[in-house]
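Chemist: Sequence:
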Amino acid sequence: MQRLRRGLFLLLGVGLGILAITALASFYVDLAWFAELHALPVLWTRVIARWGLGLGAFLFALAVTGSNICSCWRGATLTGAWAIATGLSVFFAWSLSNHWFTLLLWLNQGPVGESDPIFNRDLSFFLFSLPFWETVQHWCFNLVLLTLVTVVLIYLVELGLSEQRLTLALSLYAQRHLLILGGSLFLIRAWGHWLDRYELLYSTRGVVFGAGFADVHATLPATTLMSGVAGLTAVGFWALARQGIRLNLPFLKSWCPSWASSLLAPAILWGAYLGFGLLTTQLYPQLVQTFLVTPNELELERPYIEDNIRFTRAGFGLADVEVQPFPEGGALTWEILQQNQSTLSNVRLWDADPLLATYRQLQEIRPYYQFPYVNVDRYRIGGELRQVMHAARELDFAQVPPAAQTWVNRRFFYTHGYGLTLSPVNVVTPEGLPDFFLSDIPPRVSPRYPEVASVLRVEQPALYYGELTTTDVFVGAEARELDYPAAERYVYSSYQGSGGVPIPHLWQRFLYAWHFGDLRILLSRELSSATRFLYRRQIRERIRRVMPFLLYDRDPYLVIQGGKLYWFFDAYTTSSRYPYSEHLPGFPFNYIRNSVKAVMDAYNGSIDWYIADPRDPLIQAYARIYPTLFKPLEAMPEPLRQHIRYPQDLFRLQAQQFATYHMTDPRLFYNREDQWQIPGQFRNRRRIPMQPQYLILTLPRDPQGVANHTPEFVLLSPYAPVNKQNMVAWIAARCDGENYGKLLVYEFSKQRLIYGPEQVEARVNQDPLISEQISLWNQHGSRVNLGTLLVIPIETSLLYVQPLYIEAEQGRLPQLTRVIAAYEDRVVMEPTLGQALEALFLPRGSR
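Note that the sequence shown covers residues 147 to 993 in the numbering used here.
Hint data in this document are derived by calculation from the structure and do not stem from the laboratory. Some clues are possibly wrong.
[Said to hold, decoys possible] Here are the simulated DSBU-like pairs of lysine-lysine, each with C-alpha atoms no more than 30 Å apart in a straight line: (1) Lys710 to Lys777; (2) Lys888 to Lys870; (3) Lys888 to Lys777; (4) Lys870 to Lys896.
Put together the whole structure using the sequences plus the hints.
Modeler: So this is what it looks like as structure tokens:
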């Protein structure tokens with residue numbers, strides 16, 4: 147027995163040692179990584195807040211559970227009772243410590259400056275205080291409830307289950323103990339009912355999201371009353387604990403055991419509470435809704451519809467949308483087209499998917515290089531704004547031949563991608579392929595475009611951080627590092643950046659080997675005192691590890707500036723606690739702001755965080771929590787600021803929400819008389835919503851109605867009426883300079899028919915010459931792929947342009963073969979955009 151006990155203690159010691167080393171290694175890996183990013187305050191804030199909150203919760207839970215268990219478990223040793231209490235307290239401490247950021251937001255909140263219409267409280271209460279107090283209330287309720295269950299089980303286990311034993315168990319002392327806990331439970335529930343009053347601002351009972359007539363005039367007073375009822379129930383439980391609770395009624399003795407009569411009084415209180423709650427908070431509001439509100443819904447719900455419209459527009463950043471009529475004017479002519487060459491020279495003829503397939507065929511160079519995505523940006527070249535598309539040439543170790551996927555190659559040799567491929571959106575070679583501004587390895591500027599050399603030069607093309615970069619590597623080691631493959635040899639390099647963490651000591655290598663489960667890190671002779679370890683290089687993981695409380699856009703993009711490459715991230719602050727704001731289907735939030743622009747150095751991995759919307763109360767709280775992390779947007783170097791663009795993910799949400807919430811009149815909104823939708827397009831026999839498109843164009847006029855002559859980079863999406871295909875409006879987000887973030891909506895006259903994208907596509911498919919040619923191409927071992935139909939506003943008219951690609955069925959190398967252009971009821975298809983416009987707007991004899 148003694149040897150068995152020693153063996154158990156030895157196993158326990160070994161297990162605790164392993165856990166300790168694992169925890170130490172994990173913490174050191176985080177510590178070194180955050181130090182590399184100069185973000186140690188972020189880590190320490192997290193550690194101190196989590197452990198501080200956990201410790202406070204542990205001590206409070208230990209006091210509650212320990213005192214109750216020790217007072218009821220008389221047969222146990224003091225050590226055993228406190229051991230159980232400690233186990234329960236650890237669980238409760240862990241559960242509350244996970245809410246450490248909720249605590250920090252509560253402590254660092256600031257006023258929003260706007261109040262809710264029901265309780266007249268500043269919205270900061272709903273964004274910061276209410277989530278914190280609800281968390282604390284739920285935690286306290288669960289703590290007391292589990293303590294009550296534990297105490298009941300201890301009484302039953304200690305005293306047995308016979309009737310005689312139960313009579314003893316429900317002695318006056320035990321009864322008082324349980325009733326005191328029950329009263330405490332009801333007191334906490336009274337607090338919960340009081341907080342539930344504010345939850346009515348998120349009600350889904352009425353005609354719109356948020357508190358409606360029945361919620362305000364029935365559920366609110368009922369919930370307030372239930373808070374008092376729960377408090378009185380708690381007082382009743384405590385009074386019974388003080389005075390005794392057995393009901394010695396003669397008629398009970400004939401059928402009710404003596405111990406059961408002791409439970410009758412609290413059961414009556416509990417039943418009365420439940421019954422009263424069912425009548426007041428469920429039945430009564432439902433009756434009001436059915437018999438009073440529903441027959442007079444618009445009249446009674448009008449003020450609440452107004453609140454829903456106002457707060458939804460505010461929650462999704464739509465309160466300041468500039469709405470103006472699209473200018474009426476004459477027809478689009480060839481002369482007007484010539485005056486808008488800045489728009490026509492940036493018409494995007496390449497879609498992301500066919501261009502990506504072409505990039506992969508022509509520019510990946512080696513199998514282990516991959517282009518994950520194609521992105522859109524703009525550069526000022528030769529004094530003009532030019533829209534371009536590009537893709538980063540990343541290294542995907544999974545594509546290395548299996549025989550070469552050795553540990554040395556993974557850790558030392560294949561360390562980084564190389565450069566990018568970049569081409570203008572509107573230029574096509576005679577073979578129907580993109581004409582590159584920047585291509586090949588090393589990246590070189592096309593001699594046909596010498597004017598781009600100063601803008602697009604890349605002096606440091608190595609991509610050590612990217613979207614496909616999932617391996618952890620060592621640089622500055624004895625082993626050679628592949629820089630890029632040349633024609634008949636490899637070109638080697640040595641990393642000269644500041645990324646990664648140094649590992650000069652054996653104990654550091656031991657901790658990394660333990661954490662990553664790789665003993666070869668400890669044993670490898672390739673490592674030296676100058677070696678640096680680059681880990682967590684996947685850019686999404688890297689940026690989320692620093693700030694996981696932001697929501698990130700799905701489309702980071704690469705920017706060339708000063709000969710270096712930078713990743714741009716759009717990040718959002720979100721909340722589901724904005725009163726009255728309607729959720730979009732499938733999204734867990736009803737408030738969103740693009741408050742942060744993050745920039746990551748693709749060579750060094752450093753990250754800079756810039757506040758793009760300083761008015762946002764959430765980012766203000768974040769900045770108070772992490773005062774050294776965020777910088778003002780003005781601190782971003784001006785050349786980089788020129789590449790900020792309005793994010794597509796946010797624009798999609800706003801465009802979808804505005805399709806309904808452009809209606810600000812409650813009656814119009816209630817009847818959905820002017821509901822819009824995003825037009826669709828048919829792809830692979832399936833209708834999908836059109837995606838917003840980046841365009842360089844000259845807006846018809848600015849919000850003040852003054853004619854505009856400056857081309858700018860915008861994100862645009864058209865609107866059609868629900869169940870109709872004509873176009874009623876279009877929305878644009880401006881991306882340049884001081885106009886960044888401004889949303890404009892141009893509405894068409896309801897007396898004028900404007901062809902929508904679906905109608906134009908139908909006319910394309912019905913054109914006999916076009917459909918005959920497409921059918922002919924599809925029959926000769928090739929496949930036609932129609933690109934995105936672009937809606938291009940030009941002064942007082944709309945021009946539609948759609949590229950057509952042909953690709954072989956056996957291999958994907960899409961070629962841009964034709965351009966379809968449409969204006970009003972005319973549709974043409976020609977080899978180039980220029981020829982298509984000539985066919986549309988010039989008489990046949992003058993071309």
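Chemist: For every hint, state whether the structure bears it out.
Modeler: Evaluation of the provided hints:
1. For the hint pairing Lys710 with Lys777, the CA-to-CA distance comes to about 21 Å; that is within 30 Å, so the pair holds.
2. About 28 Å separates the Cα atoms of Lys888 and Lys870, which keeps this hinted pair within 30 Å; it holds.
3. Proposed proximity of Lys888 and Lys777 is supported: the alpha carbons are some 22 Å apart, at most 30 Å.
4. At roughly 13 Å between alpha-carbon atoms, Lys870 and Lys896 fall within 30 Å of each other, so this suggested pair holds.
Hint check: no violations occur; every hint is consistent with the structure.
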